[in-house]
Amino acid sequence: MLRLRFHGRGGQGAKVASRVLGSAAFLDGYNAQDFPLYGAERRGAPITAFTRISRDDILERGLVSQPDVVVVMDETLLSDPQSTPLSGLKKGGVVFVNTPLTPLETKEEYGIEDHVITLDITKISLDMIGKPVLSSLAAAVAAKVAGIGEKALRDALEKELSGIISERELLDRNTEAAIYCYNAVVPISIETTEKFREKENVISIPFETALVSSPSILSKGNTPLRRTGNWRIFRPVWDYDACTKCMTCVARCPEGCIQLNEDGYPYTDYANCKGCLICAEECPVGAISKVRESHSQTEEEDQ
Amino acid sequence: MDSENIRSIKELPSEENMQPGTAACAGCGGLLTLRYCLKALGENIVIVNAAGCFTLLTIYPFSPFRNSWLYTAMACAPAGAQGVRDALDILIKKGKLDPEENLKVVVLAGDGSAYDMALSSTSGAIYRNLDFYYICYDNEAYGNTGFQHSGASPFGSRTGTTPPGEKVPVGSQLQKKNLFDIWNSHKPPYLATVSPAYPVDLMNKFKKAEQFKGPKLFISHIPCPPGWGFDPSQSVKLAKLSVETGLWPLKESIHGEVEHTFVPKKFKPVEDYLKKQERFSHLFKPERQEEALKSIQEMVDDYWRKNKLLP
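Residue numbers (the UniProt record's numbering), protein chains in the order written: chain W, 1 to 303; chain H, 1 to 311.
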């Protein structure tokens, strides 16, 4: 049996990707299971979805805690403590990462020891579909890794997407982009072990005094620690030569994370800016441009 | 009172009572409204939050607020507010709390709570003349659980539970509940509709409300990027369009007397607003549903005609 786990962000299409993959596997003659796990709906929050594919009956239920293949649809999730995409990955398993980096660079950047495949599917999606929605592309990559045939993938895309997308042209562009990704990925053979559900470790937590272990109700306004800046796909960048200090961007930021510097010019707190780009849209003089985010290089610039 | 009114966004108070890093979606119109409201209300408040999208703002161990926050079930935020108000009043009366340290009690609820589940408890609170603020962020559906139909969902919209299909091509067949009029028939001291696209209007309404003791109610129409289906950067544009097309009238009511605070000089066609959202896309493709579009425009025109404000 092949166990896959998708990690994406709300709105990117992790749930649909696992669904398309499940259908493709089924149409290709396998037994398949797919299901997502998410809490309340929030665009940008970490989302997980699972797929199981097998020639035999699938009697296993529940979350996939030890996947053979992990599909990371958003690079920033690799360093997100809420998500930890690599946890439980089987030895000899495969990690797909959506990044402009090469597999070797990705391994070094994130300290991954297993096999890594990379492809900048966000760029492909923006170029070919016009929106950073990755469901069909991630499904195609996973289908290739799992060894599903192209015909089955096409049929599955048609079946699943036609229920969501009413526009024929958009659906076709999705399929086209998906097949492009399917052909761009060179699969690595997966050395899976059939053994599953090894005895899970019980973690014992040492006793702590109340001061350490109970909630601190007085620490107010501490959400900036969450650093939601890694939700961005595009970042706003200010051109101070054009800026008239009109304060529109400061007023319009839903998070309130645009502030003024000593000279009275606005700047954003990139650690927490989610990249909604209302500021760029509302700026009356067009002094804010949107720049494609590339997370691996910008940590220092953010400071 | 008038002399204190602000005139432009440059005069918005600089204090931020809500920190960034919340779990709300990028481009959330409700968050923008809340940020303005908290600027107006200041730091010394208690938020009583009914279950909804904004429950997610405060998740242990994180809180974006500088003030206290109490979570209640969907149907009983006004009842929670009554408890907090009573507790504060009793503490002050017994001399255990300095009147200087009194707090404003603020209910924060989505449209699912305000229009549907908590309508009776809100009615009760207004009836008892509870001294509190009520802010409803109305994104016209149950937003954080999959965008299901609520009492606030407008006619013709696609929601999770009213998908347009062969038999019912328009989506939702029900008209949006008129919460403003329901509340207004209680004759509360202060009631207003606001929009995140008009922060100056919003701030001044909160300022005006301050002078009244009793329920002070605000309904804000807010764009929801994932639910309505548009790019997050268009949030403010859409909020503005809903006012400019006449769909969301900005008005206030003092002891039951209604007055409009902003009337567009020239009303834009409702289509301009509908066209920009995925949840109305079935009204245009594969073929235009003329009748539905006409009836939506008719409904808006009727409203303004009745109020004798149609130019």
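The set of hints was computed from the structure by calculation and includes no laboratory data. Every residue, glycine too, gets a C-beta built ideally from N, C-alpha and C. Do not take every clue at face value.
Derived DSSO-like pairs: lysine-lysine, alpha-carbon spacing no greater than 30 Å straight-line [unchecked claim]:
(1) W:K290 to W:K107
(2) W:K220 to H:K294
(3) H:K306 to H:K251
(4) H:K207 to H:K177
(5) H:K285 to W:K123
(6) H:K268 to H:K294
(7) W:K290 to H:K96
(8) W:K220 to H:K207
(9) H:K265 to W:K245
(10) H:K265 to H:K94
(11) H:K167 to H:K213
(12) W:K159 to H:K275
(13) H:K167 to H:K285
(14) H:K240 to W:K131
(15) W:K220 to H:K167
Chain W regions said to be covered by chain H (calculated; three or more residues, Cβ under 8 Å) [said to hold, decoys possible]:
(16) 21-29
(17) 43-57
(18) 276-282
Comparing the hints with the structure gives:
no.	hint	result
1	W:K290 to W:K107	holds (29 Å)
2	W:K220 to H:K294	violated (50 Å)
3	H:K306 to H:K251	holds (15 Å)
4	H:K207 to H:K177	holds (27 Å)
5	H:K285 to W:K123	holds (28 Å)
6	H:K268 to H:K294	holds (14 Å)
7	W:K290 to H:K96	violated (54 Å)
8	W:K220 to H:K207	holds (26 Å)
9	H:K265 to W:K245	holds (28 Å)
10	H:K265 to H:K94	violated (54 Å)
11	H:K167 to H:K213	violated (50 Å)
12	W:K159 to H:K275	holds (27 Å)
13	H:K167 to H:K285	holds (16 Å)
14	H:K240 to W:K131	holds (24 Å)
15	W:K220 to H:K167	violated (51 Å)
16	21-29	violated (count 0)
17	43-57	holds (count 3)
18	276-282	holds (count 6)
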